[in-house]
Amino acid sequence: MSEPPADPPAGVPADSDAAGDDGVAIRVARSGGIAGMTRRWSVQPSGSEREHWMLLVERCPWDEKPPAGTGADRFLWRIEVRVRQERHEQVIPEEHLQGPWRALVDAVREADAGAGGA
Amino acid sequence: MSNHESRPAAQAHVHQGIIPSYMLAKLAESERYSHAAEAARQTLIAPAPAQRRAQLQLSIDENGALVATVEAAPNRTISDAHGTETLPGTVVRTEDEPTVADGAVNQAFDGLGATFQMLLDAFQRNSVDGQGLPLDATVHYGSGYDNAFWNGERMVFGDGDGQVFQGFTGATSVIGHELGHGVVQYTAALEYQGQPGALNESIADVFGALTEQHLQGQTADQATWLIGAGIFTPAVHGKALRSMLHPGTAYDDPELGKDPQPADMSGYVKTTDDNGGVHVNSGIPNRAFALFAVELGGHAWETAGSVWYRALTGGLPASATFAQFAKATIAEADKVSTATGDAARMAWASVGVIKAGVGSATGSATGDERTSG
Chain A
1 MSEPPADPPA GVPADSDAAG DDGVAIRVAR SGGIAGMTRR WSVQPSGSER EHWMLLVERC
61 PWDEKPPAGT GADRFLWRIE VRVRQERHEQ VIPEEHLQGP WRALVDAVRE ADAGAGGA
Chain B
119 MSNHESRPAA QAHVHQGIIP SYMLAKLAES ERYSHAAEAA RQTLIAPAPA QRRAQLQLSI
179 DENGALVATV EAAPNRTISD AHGTETLPGT VVRTEDEPTV ADGAVNQAFD GLGATFQMLL
239 DAFQRNSVDG QGLPLDATVH YGSGYDNAFW NGERMVFGDG DGQVFQGFTG ATSVIGHELG
299 HGVVQYTAAL EYQGQPGALN ESIADVFGAL TEQHLQGQTA DQATWLIGAG IFTPAVHGKA
359 LRSMLHPGTA YDDPELGKDP QPADMSGYVK TTDDNGGVHV NSGIPNRAFA LFAVELGGHA
419 WETAGSVWYR ALTGGLPASA TFAQFAKATI AEADKVSTAT GDAARMAWAS VGVIKAGVGS
479 ATGSATGDER TSG
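Line by line, the protein sequences give chains A and B.
The numbering used here puts the first residue of the first sequence at 1, with every later residue one more than the last.
The numbering used here puts the first residue of the second sequence at 119, with every later residue one more than the last.
If you're looking for bench data, these hints aren't it; they were derived computationally from the structure.
One or more hints might be untrue.
Stated by the list, open to error - Anything over 12 angstroms on all C-beta distances counts as not near chain A; from chain B, calculated:
id	residue
1	212
2	213
3	217
4	272
5	298
6	375
7	431
Said to hold, decoys possible - Computed Cβ-Cβ distance ranges for the label pairs, DEER-style:
id	chain 1	residue 1	chain 2	residue 2	range
8	B	247	A	98	55 to 61 angstroms
9	A	87	B	373	53 to 59 angstroms
10	B	353	A	67	33 to 39 angstroms
Since this is a predicted model, take the numbers as computed values, not measurements.
For glycine and all other residues, C-beta sits at the position ideal for the given N, C-alpha and C.
Chain B with its partners taken away, still in its complex shape (with noise of 0.2 angstroms):
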């Protein structure tokens, strides 16, 4: 039997699943598994709900052993603005509390859950800001609301007009999405504008992207690398709102018109809309992030995922430009090894970030824009 103060890593054998408190009470005063106890023990003079939760895996080893682990918990609160603008609106299921007949509440709780749970298997980061920080959402906001977003404390989900978007909690990419918004805010807080904000969006997307994959067991070329698949009604000529892979694809639509990523600098779009084009920019980095994923294969989570999210809490500036944060990104995949440095590389060299066979970034991002309008 053993007890460990963090789980290492996601193992096969062990049994997922939270210990409802009662269960932890009686482990508690157990004699018979004495590590068990004490591991629940801890689990329940954890600091209080509001601040972090802790929770306690139980498996049985290869010699039929009890292994008990103590990891940490999302501590998950949602509220239904009842169709307001109102936040964060009433509470309607918390931490513990079973699921609820409303579908757009336990999608919320349990997308906030995956995405917990990714940065916590991938990154070892315990929750948004690495210290247990609560998660909290609000559903049913404002009226035939066309968003979700995160507004510095909380993610808030329309429910879509029902003509072009459906609800917004309908995609654990969006969710993954904007919780990875939040993750950005507690490490580098890219400036929300200009290629800093395409970089914070497209930082995003991978944190959405993964948290999908993540979820369902996927390697990086059975992954659809799509950001906000099912969030279109079904008369929208379109499949997500942005595909990592192939920016540019996601819809083509005679209502809303052709997804405008565009997939390398070529393309970059200069524009004061969207606060200088950060939804439409990230299309650049989001291709280079896919392309490195697939490149080396197996989890994205894994490596390819490791190797962005220390480039981004590494000392990534906030001013951060896709050449900076491409050559962070490079640097960590180095330390990696010469293939993974490679691999990113040749990433970076396909959206026209760094020159081919060149080692550094170019920095000549704002040269090669395209101004539209």
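Bound conformation, chain A alone (with noise of 0.2 angstroms):
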């Protein structure tokens, strides 16, 4: 038997203590599309670092629901940022990643850039 996707596909997982304590990091997940294949990147930024990653955090609606997908093979994005003890989680349909959300996820993608992977 094959095996499953991992999942949740950015949660902070049994590695979540790399970023430390007091530590910051955001991980991002694209699942779905056509070819059904999970894809993550992260980042894990560090002493000046930190504050430009937290305004692109702070930025972003987390209490907000975002509204449903349409159609079919959209690509499905997970989000999560973990600041020191404190989690923050949203899963965001492609056609909904807009203005912070996609700023936070091009960032994340741009500086993990040799990531990724099913």
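Reconstruct the complex from the two isolated chains, following the hints.
Here it is as structure tokens:
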């Protein structure tokens, strides 16, 4: 039997301590699409970088539930942020990944351009 | 000479082809070919192209008589997003225009046509909605965009990143799959989550495979049963996105991992990814269909495809589970013949959706789920 895809894709998994108790970890995962493959990107900023990343994180409306997706074979984005012991998570259909969400995701992907995979 | 409102089925002696409008106009005035002239006039006065179109087909029958047949025709419009994520983009080819220099545009155009013709020949369905809905597609969507999707109104194709994926217009099965989602939307409207979502995906794969097989004239045993063959770059260790007959074997790549599709209910994946693993668990009903079609033999779009299509369009609830769909397909198969019904039961039993030797679905799908992560 084949291996199932990891789930949750962008959660703070077993290595959640990697950022340290006072650290910041931002993970994004893109699942779905016609291929049904999940790809992941992450960043663990440190020192002077944190302020820039926290600004991107705080601009996102974490408490607002995104609209449901439409159609089929669209990507589904899961965005997860851990700041010290605090966790935020949001799942956003591709067509609603706009504004600060898109800025955050694009920044993580750009910072972690070499990663990804199924 | 005969004149029919619709074409009953593909006939070997019928010359396939869309008659250009100037020829229709000429034929419409013909006194010698009065029936053909009437058919041409019907074609010309058919509802506006924005709604539905018709085509006139001419052939010579065994007695040497000219046979004119009017049947539904596609109304395709291909747009180009020029690497942006803005839809629909600019129109680059419409129904009556010839091929263009851009191969992706022509591939999309031809794939839409192949899907339209399969739906018409196999199920007498006039386009995605059954009412001649225009078929719209956009190519070159996004930058290095690794996907093709149905947005509820049109098909959208990315060019791929060039490392893992090539352009998504390169596989007829992908184009048929996307339009298949349109058919599902206009029929059972299966929820895009969990089991009904995986059924939605599976039925789209069935339409995709049938479109490719119909285009190539393949029988079930000749078909590859692959979805998305040619989508990967040569660098990837894989032959396609999915294998309907052998789920879990389509690719095995150091970077991408192994095809995660289960072949039966013992491998059902419970996940929050991908709307509940709709592209993973679709392997189960996919294999049921492929086994059913191979067991029946011949062209899969005929008996096997019709059974699946009637189950889809016969009142299937939007929340249908695998077990409910199995029951619906078995009921339709039993209407064809006892042997057909037995083949359907055997197929669903093989993938663990119903118990072997039992006529009804187990309904135990959730009990067999495997939890990932």
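### Query
For the pair residue 87 of chain A and residue 373 of chain B, does the Cβ-Cβ distance stay inside 53 to 59 angstroms?
violated (29 angstroms)
### Claimed clearance of chain A by residue 272 of chain B, with the beta carbon kept past 12 angstroms
violated (9 angstroms)
### Query
Okay, residue 353 of chain B versus residue 67 of chain A on CB: inside 33 to 39 angstroms?
holds (37 angstroms)
#### Entry: Supplied distance hint 55 to 61 angstroms, evaluated on CB atoms of residue 247 of chain B and residue 98 of chain A
violated (30 angstroms)
#### Entry: Given as non-interface: residue 298 of chain B, partner chain A, CB spacing beyond 12 angstroms
violated (9 angstroms)
### Query
For residue 217 of chain B, which was marked as not at the interface, is the minimum beta-carbon distance to chain A over 12 angstroms?
holds (25 angstroms)
### Query
Far enough from chain A: is every CB of that chain over 12 angstroms from the CB of residue 431 of chain B?
Consistent with the label, residue 431 of chain B stays out of reach of chain A, its closest Cβ about 18 angstroms off (over 12 angstroms).
### Message
Quick check for students: does the CB of residue 212 of chain B sit more than 12 angstroms from each CB in chain A?
### Response
holds (23 angstroms)
### Message
Would the non-interface assignment of residue 213 of chain B survive a Cβ cutoff of 12 angstroms against chain A?
### Response
holds (23 angstroms)
### Message
Beyond 12 angstroms on every Cβ pair: is that true for residue 375 of chain B relative to chain A?
### Response
violated (4 angstroms)
Consistency note: the structure conflicts with the earlier hints numbered 4, 5, 6, 8, 9.
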